[in-house]
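Student: The lines below spell out each chain.
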Amino acid sequence: MKPQPASRSGTACERCWRVPCVVLALAGLLLSWSVSAHHSFANFDMMKTVTLHGTVKELQWSNPHCFVQLLVPGTSGAVEWSLEMNSPLASYRGGWRPHTVNRGDKVTMVINPSRDGSSSGRLVSAIDGGGHILGKPEPGGPPAPPKAAAP
Amino acid sequence: MKPGKLRAITAAVPVIALLANAPAHATGTAEQPVIAQVRGTGAAAAPTAASTAAAARARSFATLPDWTGIWETAGSDAFPPPVPKLWGKPPYTAAAQQKYAPHGFPVAAAKNLIDVFISVAPTASGCQDGRPVASPGFPAIMEIPYSDILFELVLSPEQTLFVDTGGDVRHIYTDRPHPKPADLWPTSMGDSIGRWDGDTLVIDTIAREPGSILTPALVPLLPGIAELSEQAHFTERLRRIDADTLENRMTIEDPLRFTRPWQVTIHYARVKDVDRLIMNGCEHDRNPSVNGKFIVAPP
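One line per chain: the protein sequences are A and B, in this order.
Be aware that the first sequence starts at 3, since it is given in my numbering, and climbs by one per residue.
Be aware that the second sequence starts at 12, since it is given in my numbering, and climbs by one per residue.
The hints are simulated quantities; they were obtained by calculation from the structure and are not laboratory data.
Remember, predicted model here, so these are calculated numbers, not experimental data.
Be a bit skeptical, because a hint or two may be false.
What the hints assert, rightly or not - Computed list of lysine-lysine pairs in DSS-like fashion (alpha-carbon distance at most 27 Å, straight line):
1. B:K96 to B:K122
2. B:K96 to B:K110
3. B:K283 to A:K138
4. B:K122 to B:K110
5. A:K50 to B:K122
6. B:K100 to B:K110
Put together the whole structure using the sequences plus the hints.
Tutor: The following block contains the structure:
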């Protein structure tokens with residue numbers, strides 16, 4: 003599934019959020035979880051962030067890394083994003099559990115987007131529909147993404 | 012007697028009775044003497060060689076320091092994490108540097124691991140066919156500041172075990188010498204024995220296979236990382252310096268590559284946010300590597 007251009011960095015920031023983009027850029031610089039084994043995240047642009055507001059399709063508690071499959075509304079229907087987390091152990095230490103989010107949950111997620119332009123990225127931080135931080139905030143970690151503007 | 016202790020003794024009675032070849036009814040009212048007899052500490056039982064050895068082993072246990080718990084390389088919780096010292100610049104001879112690091116030590120010069128990862132951009136998944144591609148091996152396994160590379164320490168009179176979330180296990184035998192040369196061959200973890208110097212475990216490791224200090228699968232991605240010869244000899248002095256910190260003073264001698272011993276001090280921090288050792292896995296690989304790139308798209 004091709005990503006919607008309107009969902010990309012900058013555009014999403016300006017379109018969806020009533021906060022300066024610099025806040026999200028700061029999130030991208032500070033980053034979130036500690037480094038995990040298996041493979042690096044070099045295929046994601048860790049100096050950029052995109053904020054996504056969508057509906058959880060699935061939290062995949064998987065090896066070597068966990069994923070959130072997120073459905074993000076686009077101009078021609080929902081786009082499925084694959085958002086890579088850390089390993090189950092590192093995610094567990096980050097306060098995540100296999101059912102921290104479930105199918106149908108409304109969430110807001112800050113990601114580092116893929117360098118290849120695909121609808122994928124590295125999950126940096128997240129809040130649920132009630133504005134609660136998902137996972138455990140880490141000392142020195144990034145701020146939670148801004149709460150979604152009322153539709 | 013506490014209820015829990017009573018339950019434990021009651022549950023043990025049938026087994027103890029069987030072992031002691033005693034009539035079952037004899038244990039119902041005299042449980043403590045029976046247990047004492049089986050443990051070989053009762054006045055009625057003459058010490059046997061086995062019971063004496065068991066008692067000596069129990070005393071040995073009591074002399075061991077308490078390093079119980081799960082540990083990680085200090086700095087693993089920082090972001091970005093530091094570059095491991097073992098990925099740094101070794102005291103190469105001029106010839107070794109010319110051969111193994113002709114372009115210098117870019118990894119050692121990196122400010123942190125993120126700089127390393129961004130600059131090297133590995134594309135491999137780390138898993139293949141449901142298994143990890145490679146173990147970091149020794150000594151790299153002793154300094155990996157990743158938040159999911161932890162180890163649990165298990166101490167016994169005979170050996171100390173490092174059980175790692177990546178699946179590696181180091182056996183540090185403290186009751187025997189290295190095997191004879193004819194019985195030994197190089198492996199990625201080498202052969203480790205130890206001895207106790209007070210509360211310091213002194214580990215001696217030989218027979219580590221020659222090559223990169225980190226897994227060979229990553230060598231092309233980490234230019235300048237140390238290359239060790241088959242004569243590399245490792246000495247670690249491991250001790251607890253406070254309740255939540257272990258110190259490992261590692262010395263690497265390599266007469267074929269180094270001008271002097273390479274000394275690296277590594278610290279480990281006690282892990283308090285996990286309730287068990289959770290192993291990293293590759294089963295049901297979510298990001299298999301296809302055409303040299305690992306997959307992040309929906310499965």
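Student: Now, for every hint given, state plainly whether the structure supports it.
Tutor: Structure-based check of all given hints:
This hinted pair checks out: B:K96 and B:K122 have alpha carbons roughly 12 Å apart, not beyond 27 Å. For the hint pairing B:K96 with B:K110, the CA-to-CA distance comes to about 21 Å; that is within 27 Å, so the pair holds. The suggested pairing of B:K283 with A:K138 holds, with an alpha-carbon distance near 14 Å, which does not exceed 27 Å. A distance of roughly 25 Å separates the Cα atoms of B:K122 and B:K110; the hinted pair therefore holds under the 27 Å criterion.
Annotation: proposed proximity of A:K50 to B:K122 holds, straight-line Cα distance about 20 Å (limit 27 Å). A C-alpha spacing of about 14 Å is found between B:K100 and B:K110, which places the hinted pair at or below 27 Å, so the restraint holds.
In summary, this structure violates none of the numbered hints.
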